[in-house]
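All chains, please: the whole structure from these sequences, using the hints.
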Amino acid sequence: VNEVRAVQALESPEEDDETTVITLGEDQLSNHWEVIFDQESQVYQVSGEKIEKFARRTNYDNYETLNRLRDIMRKLGIYHELTRQGATGESLIKIGDSPEFTLVEQ
7 VNEVRAVQAL ESPEEDDETT VITLGEDQLS NHWEVIFDQE SQVYQVSGEK IEKFARRTNY
67 DNYETLNRLR DIMRKLGIYH ELTRQGATGE SLIKIGDSPE FTLVEQ
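Numbers given in the working numbering equal positions in the sequence shown, counted from 1, plus 6.
Rather than coming from a laboratory, the hints here were simulated on the basis of the structure.
Hints are not guaranteed to be accurate.
Once the Cα atoms are required to be at most 20 Å apart in a straight line, the calculated EDC-like pairs of lysine to aspartate or glutamate come out as [to be verified]:
| hint | residue 1 | residue 2 |
| --- | --- | --- |
| 1 | Lys100 | Glu40 |
| 2 | Lys56 | Glu9 |
| 3 | Lys100 | Asp77 |
| 4 | Lys100 | Glu46 |
| 5 | Lys100 | Glu55 |
| 6 | Lys56 | Asp103 |
| 7 | Lys59 | Asp77 |
| 8 | Lys59 | Glu24 |
| 9 | Lys100 | Glu111 |
| 10 | Lys59 | Asp103 |
| 11 | Lys100 | Glu24 |
| 12 | Lys81 | Glu58 |
| 13 | Lys59 | Glu106 |
| 14 | Lys100 | Glu70 |
| 15 | Lys56 | Glu40 |
See the structure below:
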């Protein structure tokens, strides 16, 4: 039995030698974001291509457009991550180079 298995192993190609590599597409990479809390400034820094693009188009003087940005943050899961890291309603958020704003409308 061992001899037959040894012969079969030599005759058949090894499946383990071929490793499948899975890569993220451009859409998935643009949806990626990261939240980092800056202890010194007490501000939650959010970075990511897609959310920064939304932030650049937001008028921070208009509460409706700012609430729209907060809704987008909820849909992308950023709001959940912020609260998981300890953000509260009065916590300051900064997306990319945008102005700071609070997590919840004041």
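Here's how the hints hold up against the structure:
Distance restraint check for Lys100 and Glu40: the Cα-Cα separation of roughly 12 Å lies within the 20 Å cut-off, and the hinted pair is therefore satisfied. A distance of roughly 59 Å separates the Cα atoms of Lys56 and Glu9; the hinted pair therefore is violated under the 20 Å criterion. A distance of roughly 15 Å separates the Cα atoms of Lys100 and Asp77; the hinted pair therefore holds under the 20 Å criterion. For the proposed pair Lys100 and Glu46, the alpha carbon gap of about 14 Å is at most 20 Å, so the pair holds.
Annotation: proposed proximity of Lys100 to Glu55 holds, straight-line Cα distance about 14 Å (limit 20 Å). Taken as a hint, the Lys56 and Asp103 pair is honoured in the structure, with Cα atoms around 13 Å apart against an allowance of 20 Å. With a C-alpha separation of about 15 Å, the suggested pairing of Lys59 with Asp77 holds against the 20 Å cut-off. Only pairs whose Cα atoms come within 20 Å are accepted, and Lys59 paired with Glu24 is rejected, the gap being roughly 39 Å.
Distance hint between Lys100 and Glu111 is fulfilled; the C-alpha atoms sit about 14 Å from each other, no more than 20 Å. Note on Lys59 and Asp103: the hinted pairing holds, with a Cα-Cα distance of about 10 Å set against a maximum of 20 Å. Annotation: proposed proximity of Lys100 to Glu24 is violated, straight-line Cα distance about 44 Å (limit 20 Å). Under the criterion of a C-alpha separation no larger than 20 Å, the hint pairing Lys81 with Glu58 is consistent with the structure, at around 15 Å.
Between the alpha carbons of Lys59 and Glu106 the distance comes to roughly 15 Å, so the proposed pair stays at or under 20 Å and holds. Of the pairs offered as hints, the one joining Lys100 and Glu70 holds, with about 18 Å between alpha carbons and a cut-off of 20 Å not exceeded. Proximity of Lys56 to Glu40 is assessed by CA-CA distance (about 11 Å); at most 20 Å being required, the pair is judged to hold.
In summary, the structure is inconsistent with hints 2, 8 and 11 from the numbered list given earlier, while agreeing with the others.
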